[in-house]
Amino acid sequence: MKTEEIAIDLFLYLFCSLNFIKIILFIYILNFYISSVNSAGIGCFVCSSFNGSNPDCEDTFNSTVERGAKGNIANYQFPCWAFKKNRQGLFPADHCIKVSGYKSNDPTQTIVIRTCALDSGTLTADTEIVRISHCGHFKYEGSQYTGCVQACDTDGCNKISANYNFTNMLIAFATIFSFRLFIHLFF
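When you read off a place in the sequence shown, starting at 1, and then add 6, the result is the number in our numbering.
Check the hints yourself; a few may be wrong.
[Claimed, not checked] List of simulated lysine-lysine pairs, BS3-like, C-alpha gap at most 27 Å:
hint : residue 1 : residue 2
1    : 91        : 145
2    : 145       : 90
3    : 109       : 145
Since the hints were derived computationally from the structure, they do not count as laboratory data. Note that the coordinates shown come from a computational prediction; the quantities given were computed from them, not determined experimentally.
With the sequences and hints as input, model every part of the structure.
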């Protein structure tokens with residue numbers, strides 16, 4: 007039985023029993039579940055290509071991979087894990103990053119790096135790579151490059167599944183219905 011079917015069955019059972027406290031508790035538990043699913047991070051391509059050495063990494067920064075896809079997609083990691091400033095270990099990423107450019111003194115030498123990152127929550131945007139996409143000069147392993155750093159956190163680069171939207175709609179309906187029921191029963 008799918009999660010949605012279980013949620014609907016439980017939802018209908020609670021409404022049929024007309025126990026208002028159970029209904030409200032169910033709504034909050036379902037909302038907590040939805041929030042925890044969303045905080046699991048995003049999927050990103052993780053790869054590098056120097057001078058076209060990895061053609062799968064050279065394509066445009068656009069993912070049509072379904073959220074939750076696993077295994078058979080080359081270079082795709084879901085969830086993608088990243089370091090957080092001033093913390094030990096890895097955390098679920100909230101942005102995908104693509105760095106692309108060419109050596110400033112030899113434009114035939116190219117670089118593409120795709121990875122994920124995490125906004126560490128510092129107060130200034132200039133210390134967070136995920137907050138500002140920009141083009142210009144950067145240094146990598148002692149060499150000067152000209153290129154761009156692109157960051158994204160939208161559905162355009164990591165498509166979200168329809169199940170998440172269905173559950174949000176269910177929560178909205180349940181909240182409105184339970185509020186109307188509360189008004190009807192107690193006022």
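Now the hints, each set against the structure:
no.: 1; hint: 91 with 145; result: holds, 20 Å
no.: 2; hint: 145 with 90; result: holds, 21 Å
no.: 3; hint: 109 with 145; result: holds, 9 Å
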